[in-house]
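Keeping their order, the protein sequence lines are chains Y and A. With our numbering applied, the first sequence corresponds to residues 1 to 201, in that order. With our numbering applied, the second sequence corresponds to residues 1 to 201, in that order.
Just so you know, these hints were derived from the structure itself, not from any lab. There could be a bad hint or two in this list.
One copy or two, it doesn't matter: identical chains are merged, so the pair holds either way.
[As the list claims (entries may be wrong)] Capping the alpha-carbon separation at 25 Å, the derived lysine to any residue pairs in SDA-like fashion look like this:
#, residue 1, residue 2
1, K60, R152
2, K60, R178
3, K60, H25
4, K60, P32
Below, each chain spelled out in residue letters.
There are 2 protein chains.
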Amino acid sequence: MSDDKQMPERLSRETIFESDYLNLHIDRVRQPNGFIIERFHYVEYPHPAVGVVAENGEGKVVLCRVPRYTSMTCGWSVPAGGVESGEDVLEAARREVWEETGFESFDHRLVYTYYPQQGSSNKLFHVVFCRVGERTGSFDPDEISEVGWFSRNEVEGIIELGEMNDGLGLTALLLWLRMANSPTPKSPCPKTTTTSAADPS
Amino acid sequence: MSDDKQMPERLSRETIFESDYLNLHIDRVRQPNGFIIERFHYVEYPHPAVGVVAENGEGKVVLCRVPRYTSMTCGWSVPAGGVESGEDVLEAARREVWEETGFESFDHRLVYTYYPQQGSSNKLFHVVFCRVGERTGSFDPDEISEVGWFSRNEVEGIIELGEMNDGLGLTALLLWLRMANSPTPKSPCPKTTTTSAADPS
């Protein structure tokens, strides 16, 4: 999947904007077949993000309702957020679950990594599954409006109605339903090293 | 899902960049609870995109290998691309399948709509399912390096290996597998009006 000879090549770059959050470049790019893209709008994000399917002993997952400025909607999604500089993905997953729900979590497993908007951006999303422990905090009201628990059937229902409009939540929960519905448990990304539980302190 | 009283509100805007492809704004935003986000980096896309799961009579789907400048990978994904100004989503789906594979298609159904990167962008992705007809063209070598047919088991295998790294393809195919694996066929978005076949000319 990564034959360098068949990859696009940057010929020149005009940087429009730079910040800790994102950079915007207009690149001149040569495709593998020689075709030139004169103005490739490249939104470069320095940090990946992680979305977490956190399940309790009854097989329910914890979801957050997030008011979204970009879409002016407020729907349910998984706890999610940016992986900070130098932070391990699984530690970021534990931190985000705690910040957005108040629950400790453990047994974090990286199950998938993908590019949500590869046509214009290098943003990388990690999907992590974990188990939920005790509640030792609350959710951040500056980001989250509500926290709730959902059974498999309830998650199916939200998707069925087209109401899971957040891409990371939709993809993470489709992966979770797929594994849950499989007669033999599936490990969608066996090449990925899975680690033991993060320290829930 | 859209109680206006609970939505974020823009207080001011600094526009960094504007083009036909995307705009970049730094907005000052008030969250529903009163919290102020001083610098919200908002990547605004004027056009949504569509990804298409196009199935033949044997239950195989047509996928494209796309060299990706943003990730420097070249993996399989569904035919996909931007919906043009004034273009119907289902017509865009038919056009993209033809441009990227050379196949006519029909019986297009909009099955899901979501925001792939709602934390910073209003980009909207539509997932369309359809049936494949005759081949009347070829694929565009400036965008696509290869076209191939994949059975359900082969699609499962690509996902299993973590090799479907393109978000739109991953989400569209997970929706397709979910419906295919369901004992009773599922319509994930019953509120959406489905239309008859687009004109395959």
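* Asked: Is it within, between, both, or neither for K60 and H25, if the alpha carbons may be no more than 25 Å apart?
  -> Neither. Shortest intra-copy (42 Å) and inter-copy (38 Å) distances fail the 25 Å Cα cut-off.
* Should K60 paired with R178 be assigned to within, between, both, or neither, using CA atoms and 25 Å as the limit? -> Both, since 15 Å and 19 Å are each at most 25 Å.
* For the identical chains here, do K60 and P32 meet the 25 Å Cα criterion within one copy, between copies, both, or neither? -> neither (46 Å within a copy, 28 Å between copies)
* Asked: For the identical chains here, do K60 and R152 meet the 25 Å Cα criterion within one copy, between copies, both, or neither?
  -> within (7 Å within a copy, 28 Å between copies)
Consistency with the previously given hints fails for numbers 3, 4, ordered from lowest to highest.
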